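**Student:** Sequence:
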Amino acid sequence: MAARVRRRQHGAGHQQHGPLPDHGLANVHFAAIQALLEHHPHVAIHLAAPVDDTPDHGGGAEAKLARIAASAKTRNPAAQGVRFHPLPGPSWLGALAKNTDVSVASLTQPPGFRGVARFARQAQSSLAPWTGAEHLRAYGAARALVAAVDPAVVVLDTMFMPGVDAARAARRLHAFVTPNTLVDSFVADQPRLGLLWKYPVIGADFAFPVPWRHVPENALAAATFVGAVLRMSAIRAKQRFLRDHGIRDPINFYRLHRPHVPWLTQTTEGASIPVDVVPPNVTCTGPIVLSAAPAVEQDPELAAWLARGQGKTLLINLGSSIRQYTPEQASTMAAAIRATLDKQAGIQVLWKMPNSVERGAELEQLSDYIASGRVEIAGWFKADPVSLLETGDIMASVHHGGSNCYHEAVHAGVPQVILPLWADLYNFAALVETVGIGVYGSRGTAPDWTVKGLSNAFMAVIDGEGAVGMRKTAQELSMKAKERPGRVVAAAEIARWAGSGRVDIIPD
0 MAARVRRRQH GAGHQQHGPL PDHGLANVHF AAIQALLEHH PHVAIHLAAP
50 VDDTPDHGGG AEAKLARIAA SAKTRNPAAQ GVRFHPLPGP SWLGALAKNT
100 DVSVASLTQP PGFRGVARFA RQAQSSLAPW TGAEHLRAYG AARALVAAVD
150 PAVVVLDTMF MPGVDAARAA RRLHAFVTPN TLVDSFVADQ PRLGLLWKYP
200 VIGADFAFPV PWRHVPENAL AAATFVGAVL RMSAIRAKQR FLRDHGIRDP
250 INFYRLHRPH VPWLTQTTEG ASIPVDVVPP NVTCTGPIVL SAAPAVEQDP
300 ELAAWLARGQ GKTLLINLGS SIRQYTPEQA STMAAAIRAT LDKQAGIQVL
350 WKMPNSVERG AELEQLSDYI ASGRVEIAGW FKADPVSLLE TGDIMASVHH
400 GGSNCYHEAV HAGVPQVILP LWADLYNFAA LVETVGIGVY GSRGTAPDWT
450 VKGLSNAFMA VIDGEGAVGM RKTAQELSMK AKERPGRVVA AAEIARWAGS
500 GRVDIIPD
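Position 358, counted from 1, in the sequence shown is what numbering that gives the first Met the number 0 calls 357; the numbers after and before it change by one each time, with no gaps.
If you are wondering where the hints come from, they were derived from the structure by calculation, not from laboratory data. Predicted model only: the values in this text are computed from it and were never measured. Built from N, CA and C at the ideal position, the CB exists for glycine as well. It is possible that part of the hints are untrue.
As the list claims (entries may be wrong) - Beta-carbon label-pair distances, calculated as ranges: (1) G500 <-> V356: 27 to 35 Å; (2) R170 <-> P299: 45 to 53 Å; (3) G500 <-> R247: 22 to 30 Å; (4) Q323 <-> R235: 20 to 28 Å; (5) V214 <-> E464: 24 to 32 Å; (6) D188 <-> K72: 35 to 43 Å; (7) K97 <-> D188: 28 to 36 Å; (8) N251 <-> M478: 49 to 57 Å.
Said to hold, decoys possible - Derived pair list, reagent style DSS-like, types lysine-lysine, alpha-carbon separation capped at 25 Å: (9) K342 <-> K471; (10) K72 <-> K481; (11) K311 <-> K471; (12) K479 <-> K311; (13) K311 <-> K451.
All chains should be built: construct the whole structure from the sequences, respecting the hints.
**Tutor:** Next up, the structure:
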């Protein structure tokens, strides 16, 4: 079979396999760094990260920085490099893998109360996965680095609590850049207990505002999640350990945002759930997305294949949420692709499937379409996914529902089909339908798929009654987002803080 089924392994040498999805929070920081290099070359940039923090499959943070700096230099010869400082101990992802039993299997859950309850039980591991000793070591290194670099502003990842504690203990001006939206971060600040009855709880696939028939389940799930977060006995033990070692207010998730601390969110008008109350010092930037080199420069062969489809290519890229397709997943997806291509003669499909070689038997049903060139299966892409979306040759993006994937598609103006597996992925799956830019492809069966459900979702964005409207809305949102890209807004804010003259903050 392998001899008859042709699969291009674009960049297959960079494949990595592991128990957990990649930590995507860093992507917005890299995009902001890129814009700082291009538009504010007078700002010196230092990046500190644990040495095992590998946000992409191209060699880790330091290698990615080098590529970003080189790209920025082509756009602005005055652009400088970025100084990278490795921090000791595991990253957020590494600590999860090392210290907890959290895995793709344990995270995968159905939407609604049962899934939220399961996710809530894992919240302690997800929010603070470092041991007390690991946290203290990373904190000490970050504190020493802040003293040595003497930065004008420290830009933080909301999940890297050792760094947050270090910046606050040093009383330095600091700010947060996050891929999350306003409703993700500030739902508890909304009036009249809106988190219970108005805003879909994390892990629920309810529309916004929550339909009245779902309010009881939403309220119960929200109360369950909040209760689990408030209890957090394991985190309290770490907090006691860290206080005993001199950190005054460690791992305080309840007060991440403070009035004097700037906060950047890629909330996008028209593509995000609106909130009634926006806390002070919060800036909504729109999608914070890297400006990638054109796909034709990164992978000419793949770019030529996409162009051949004349804007009728379906991109299936479930990111790191599915590193290893099970036989059932591979067979179901392949059958859905076949059903779609049988009905639509002009469509072609690009499918990122890291373990396609191991799933040869399940892919046999696509062998004729692979041989004719209508289906390309890649272990990995040489080109950045953003650059593929920006070609104009992708008619729909099929993904898992991560914030970065969602906002990249919004920025590119590409309709979406979302296949969520857990937690906030369900919220984005519901959101694409609320906004009118896509389809929740596994509604009623999630986290599982069916051939009928997938093929119907694909057909809906290709040639369904609402397909034209989805494309129109997606393109309108993209035009608005590109008027002043989120990375440019974020960079301008960071540069403004760096030039504000404020260094110390008043502790509270």
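**Student:** Run every hint past the structure and note whether it holds.
**Tutor:** Verification of the hints:
A beta carbon spacing of about 57 Å between G500 and V356 contradicts the range 27 to 35 Å that was offered as a hint. Remark: the range hint 45 to 53 Å for R170 to P299 is upheld by a beta-carbon distance near 52 Å. Checked against the hint of 22 to 30 Å, the pair G500 and R247 passes, with Cβ atoms roughly 26 Å apart. The hinted range of 20 to 28 Å is not satisfied by Q323 and R235, whose Cβ atoms lie roughly 36 Å apart.
Separated by about 30 Å at the C-beta atoms, V214 and E464 satisfy the suggested range of 24 to 32 Å. Distance hint check for D188 and K72: the Cβ-Cβ separation is about 42 Å, which falls inside the suggested range of 35 to 43 Å. Separated by about 34 Å at the C-beta atoms, K97 and D188 satisfy the suggested range of 28 to 36 Å. Checking the proposed 49 to 57 Å range against N251 and M478 shows it is violated: the Cβ atoms sit about 40 Å from each other.
Distance check on the hinted pair: K342 and K471 sit about 23 Å apart at the alpha-carbon level, within 25 Å; holds. Restraint check for K72 and K481: satisfied, since their Cα atoms lie roughly 21 Å apart, inside the 25 Å limit. Taking the CA atoms of K311 and K471, the gap is near 16 Å; set against the 25 Å cutoff, the hint holds. Our distance criterion of 25 Å between C-alpha atoms is met by K479 and K311, whose separation comes to about 24 Å.
The hinted pair formed by K311 and K451 meets the criterion: a straight-line CA distance of about 21 Å does not exceed 25 Å.
Hints 1, 4, 8 from the list above are not met by this structure, while the remaining hints are.
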